[in-house]
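Participant: Chain by chain, the residues:
2 protein chains.
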Amino acid sequence: MTAPTANTPQSKFIQRLQAIADLSDDECREIAVLPTKLRHGTDGEILLRQDETASRCVFIVSGFLYQHTIVGDRSQILSFHVPGDMPCLHTLLVPRMDADLVCLGPSVMGYVEHGPIRRLLERSVHLTRAFWRATLVDAAISRQWVARLGGQAALSRVAHLICELATRLETVGLAAEGCFQMPMTQRHVADASGLSIVHVNRTIQELRQRRLIAWEGSQIELLQPDELRALADFTPDYLT
Amino acid sequence: MTAPTANTPQSKFIQRLQAIADLSDDECREIAVLPTKLRHGTDGEILLRQDETASRCVFIVSGFLYQHTIVGDRSQILSFHVPGDMPCLHTLLVPRMDADLVCLGPSVMGYVEHGPIRRLLERSVHLTRAFWRATLVDAAISRQWVARLGGQAALSRVAHLICELATRLETVGLAAEGCFQMPMTQRHVADASGLSIVHVNRTIQELRQRRLIAWEGSQIELLQPDELRALADFTPDYLT
DNA sequence: CGTGCTGTTGAACTGGGTCAACCATCGTGG
DNA sequence: CCACGATGGTTGACCCAGTTCAACAGCACG
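Protein chains in written order, with my numbering: chain A, 3 to 242; chain B, 3 to 242.
Because the hints were derived from the structure by calculation, they are not lab data. Ideal Cβ placement from N, Cα and C applies to all residues, glycine included. Do not rely on the hints blindly, as some may be mistaken.
Said to hold, decoys possible - Derived CB-CB ranges, DEER-like:
(1) A:V127 / B:V35: 47 to 55 Å
(2) B:N9 / A:K39: 49 to 57 Å
(3) B:E218 / A:G219: 52 to 60 Å
(4) A:Q221 / B:T44: 49 to 57 Å
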């Protein structure tokens, strides 16, 4: 299907599913009519808590979320989520959250109860595959994070994170020419990269000095995407 | 279903699915009759290569596998797989492998072509859920690895890995009283933990000195499981 | 009986952590 | 309108967990 989707709350989510699996117009419509409640979230607000049992799914209309857990005395970010993502889709089958789901900056989310999604998927093998596949892309991202954290030094690690986010934002039309907005602080990068905040600061400065990225406020730009990807050992295939 | 499964090649796999989602006797039978080719693998043998397109799934009858990738000049293990696991189930929907699938020690695998599995799942919403859920457990394990690698120091990191493996082996009846067999070398632990082999050696010695584990050859024993879990910040919920 | 792998140990080194300032920005309340 | 406290970014000095290099011992295997 190629119909230019209107700018409904669901449009980014559908656009994202399209990128993952082909959907027919009918299927898009069925997703669009899922009963949805829109909610606004503020920076740092916790939408779902670790160990809580989720009874609904969240898709991001605008803004960003991340999953966060405490390990020992350290705060660790497990994943970032961008508009069009459904960060806790897995709760449909495994309802217990294994991390907090937190707003990164002000954001708008759509809530959909598990019930309607389950009923929709029961009727459609193809949509089930699309949703399943969406969870598999999340899993592939996690595996890349394992590689990133286990195998790379600080500079490549941070570079990889930036490459990943740029690519994911491109697929939903929120990044162009390697340029995007994301209200991440250096603390977030530190918690996502297993580094101290001080060292993230120096690492970002190194990336800036090498003219690989520009980063002022929430505006991030990849100045030399190819060089950055080479440094990060990044290949975007896994994001499908 | 509670019928004592005979010791067929599939029995561990079915046992594992049982632990994840209830299956009826009928469903177990349908899995048992999936056309399967048995293969033997030797230590270090690569069953599937990174970037290769898989056309079949593998379940482990006996022995161990791991997924492995090169990041920069470092070798990184992304996951371990134990009997009953289906390590590349995700290739059913995302056929491209994002890592090598390698034998850890001699092992026996069952190969099932994608086609028969797809046809089985098309007929059964419930089985689809069970398989989907199996991939979600793998994803949860990856997320835990992210937390482990990003947030924990060497000692906790290695302890966590051991706790995870012990728990997973228990659910398929291959560990009892915290005691199990696994032909892992310290190199494997190093590659899975993002540590140097030398430091893994010293870390394991520390665990031994603290009387937390015993590890001779391929025989691993948790001497004080509760203390080890506390040190590792390990809670087994996510393994379902 | 060498050859190679795994485990072990010691010594020197370093990437990144910790601690402690300091600055700029910004929203808030007096 | 300004003083303020909070937050995010930056810098310097010192420290340490973990790396690297190198050597050696046990053992399995051809």
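Participant: Quick one: which hint numbers does this structure break? Sort them smallest to largest.
Facilitator: 1
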